[in-house]
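As a plain string of letters, each chain reads:
There are 2 protein chains.
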Amino acid sequence: MSHTVEILSVGTELLLGNIANTDAQMLSQGLSALGLNVYWHTVVGDNPRRAREAVELARKRADIIITTGGLGPTCDDLTKNVLAEAFGRKLVFHEESAQRIRAVFERTGRTMTDNNLLQAMLPEGCTVLANDWGTAPGCAFESDGVHVIMLPGPPSECRPMFEYRAKPYLQALSEGVIASHTLKLFGIGESAVEARLRDEMNAMTNPTLAPYAKEGECELRVTAKAATEEEAQRLLQPTVEEVKGIFGHKVYGVDVSSLEQVMKDLLVEKGLTIGTAESCTGGLMAKRITDLPGASRVFRGGIVSYATEIKETVLGVPHDMLEEYGAVSAPVAKAMAEGARRVLACDIALSSTGVAGPDKDERGNEVGTMFVAIATAEGTYVRPLTLGARPVRARLRTQTAHHAFDLARRYLAGLPFED
Amino acid sequence: MSHTVEILSVGTELLLGNIANTDAQMLSQGLSALGLNVYWHTVVGDNPRRAREAVELARKRADIIITTGGLGPTCDDLTKNVLAEAFGRKLVFHEESAQRIRAVFERTGRTMTDNNLLQAMLPEGCTVLANDWGTAPGCAFESDGVHVIMLPGPPSECRPMFEYRAKPYLQALSEGVIASHTLKLFGIGESAVEARLRDEMNAMTNPTLAPYAKEGECELRVTAKAATEEEAQRLLQPTVEEVKGIFGHKVYGVDVSSLEQVMKDLLVEKGLTIGTAESCTGGLMAKRITDLPGASRVFRGGIVSYATEIKETVLGVPHDMLEEYGAVSAPVAKAMAEGARRVLACDIALSSTGVAGPDKDERGNEVGTMFVAIATAEGTYVRPLTLGARPVRARLRTQTAHHAFDLARRYLAGLPFED
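Same order as they appear, the protein sequences are chains E and X.
In this text, residue positions in the first sequence follow the working numbering: the first is 4, and each later residue adds one.
In this text, residue positions in the second sequence follow the working numbering: the first is 4, and each later residue adds one.
A portion of the hints provided could be inaccurate.
Identical copies go unnamed one by one, so any copy, or any two together, can satisfy a pair.
[To be verified] Taking lysine to any residue and the SDA-like style, the derived pairs with C-alpha atoms no more than 25 Å apart in a straight line are:
hint: 1; residue 1: Lys217; residue 2: Asn21
hint: 2; residue 1: Lys273; residue 2: Ser183
hint: 3; residue 1: Lys253; residue 2: Val107
hint: 4; residue 1: Lys253; residue 2: Leu275
hint: 5; residue 1: Lys217; residue 2: Thr15
hint: 6; residue 1: Lys228; residue 2: Asn50
If you are wondering where the hints come from, they were derived from the structure by calculation, not from laboratory data.
I would like the entire structure built from these sequences, with the hints used as guidance.
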């Protein structure tokens, strides 16, 4: 039997446009990957009457209802109350959840108010989805053939709660096994990937192939359905290999999270260390590396040489070079990387310099003119970039950091810097 | 009469999670500003049956339906066909729109196919909303007391089409104005704010007061409705002042975007520069400052001294101090800030050191143990933090950076560091 899903998001902040419904996007991706059909997204505010109305509609047109939001004390646990009532379940006190909530407040030294503890009231007989990323627990239950799963609204809680709590629950509902692999590509756009694979994609039914644009990268998800995990994997493998063959070194990994994760894993494997010297990316490269747990095994440190003078005083970029070529130039990118490698005493150093906007630099370099460099024991390589002024500042910086990490993972994997 | 709006978005790409529904966010913001109540967002795929079902629901519960998407040739103009049928309007050929479409294809040198011209078929008697940002025209009509406005889906078309086409149409319908102010608080949780204000909030009808949790901060939005902008502002002012009085220096701004923005504006105002020395935040502080356009006016640079040795070699933290107290300690936070102030030649330096997890440090400091410091011409101040191990790594780092920026904005505004 094929399941249909409705995502019901509760939150006045969505209806006021304070935030975009990124939870619904994240869930839709994850649910599609599980082979579940998402047919409706509905958003209502913190309003019990309309929330109830939405639930009554959803239970008629879907057999899985996933709610986000409306679980915290500020909305009186609206979602939980409405769903418990709609499905005729009493709310009962869940001691373990109460303990978790108390523990969070103790650890963080905040004062717990009574309404915080109301979060531990949960529908009778439900499966409690423990929230290790916030205070409000989620829950799941089945009534009259409809599965209800409630998740907290903040994306930093909703995402892991889906991944580690809702997904296992949903996998148990699905007959057969859905398996998927995600190929990550850098250096080619989603529309180019889509154009190249269009005929293959249209001809495929199992496995299926779907490209996603991701902040200047591209993901290709291959999904297969079969009776067993082994069989699904057997269906997936030829397609994964075929796609790798088509896109070559632009595929930087399968089922990996990011360029920097691939780079970090290679550094650990080879026992090498890395450091950064950043101008236009302003700390973003260091931040992204240190986002990774265990970064201290490979990351020595970074210099954000935002003012030109810091490039001289801290990184030792020659004054004459800065005068002659300007801070946004290939020689300076090279000298920054080499300086960082020396100052930070690391095996590999990455650098960035460029114009992130909103304005041209004082030498007339256009917004989007960037240089990234990698310095290693074997020498230094500079990649010039012309990213254009169209993307916003944040996108330009992200893209520039991607390129620096791409140089590092190519170097560490023994691949050419360009192809 | 108060209008209620439903935003109906049509597009399978939304249900697959390929994109987030940013159109709905943008429209919701714009509609709230017009004093219109958005009570529902609905998303359906490119499916005529479910789109029709959604329209039938929407016409019952809203008197303004705004659709996005489903207007182009790739979806067979699904939205237009469904709405025309639902409201009993024939589609008729609109010559002016056809000419516009032909002109776009001529200009871009693309080949026009017959189905491109179908976009010029529009509901009889509608107001045509000319699309100067793409090919598919929008339209608006009124039937049985319900206003229908159809806009194209791509955000680059939807936004200007709303701004320059739909808004004038809607303004004619709306009575009165809505105005709001957002107070930003740091150092107090959303539930504590909510508990403190619950009675006031329940008693208020105009203006209204609503708290939102925001990544370790809290926002309070005050909204008023009145016949004129001036009157709405007059209603808002006492509440804004009252809330400021209640939460004191924890209110860091009204209608401001972030702690770092407030800090940056104060730096510009006072003609001072800033720099950073980061350990646990690993570049996040520098990254957040340089996310702000024009950061180069105040930001000198940063040192990410992730490895302990870099704290010595680059920042000049004494070896003996590191031996005696360990890298995660108040003396080291102080020495890092002072070192950064010297090395980066800036007026104010911020530092962070702590355990972001996943594991305790080698001295047994628990995850969430953090120190932030500020060094200025007048001395150095250290704030110790115990954030607990429960929040995820990213949240701990964000929170730590918030605290450092909070020290800076308090210093720059002449406020006490703690109260």
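**Prompt:** How would you classify Lys217 and Asn21 at a CA-CA limit of 25 Å: within, between, both, or neither?
**Reply:** Result: close both inside a copy and across copies, 23 Å intra and 9 Å inter.
**Prompt:** Are the CA atoms of Lys253 and Val107 at most 25 Å apart within a copy, between copies, both, or neither?
**Reply:** Between copies only: 22 Å across, 44 Å inside.
**Message:** Within a copy, between copies, both or neither: which one fits Lys217 and Thr15 at a CA-CA cutoff of 25 Å?
**Reply:** Between. Shortest inter-copy distance 14 Å satisfies the 25 Å Cα cut-off; intra-copy 28 Å does not.
**Request:** With 25 Å as the alpha-carbon cut-off, assign the pair Lys273 and Ser183 to within, between, both or neither.
**Result:** neither (29 Å within a copy, 55 Å between copies)
**Prompt:** For Lys228 vs Asn50, is the C-alpha pair at or below 25 Å within one copy, between two copies, both, or neither?
**Reply:** Answer is between: at 19 Å across copies they meet the 25 Å cutoff, but 39 Å inside does not.
**Message:** When Cα atoms must be at most 25 Å apart, do Lys253 and Leu275 count as within-copy, between-copy, both, or neither?
**Reply:** within (23 Å within a copy, 45 Å between copies)
Of the numbered hints given earlier, the model fails hint 2 alone.
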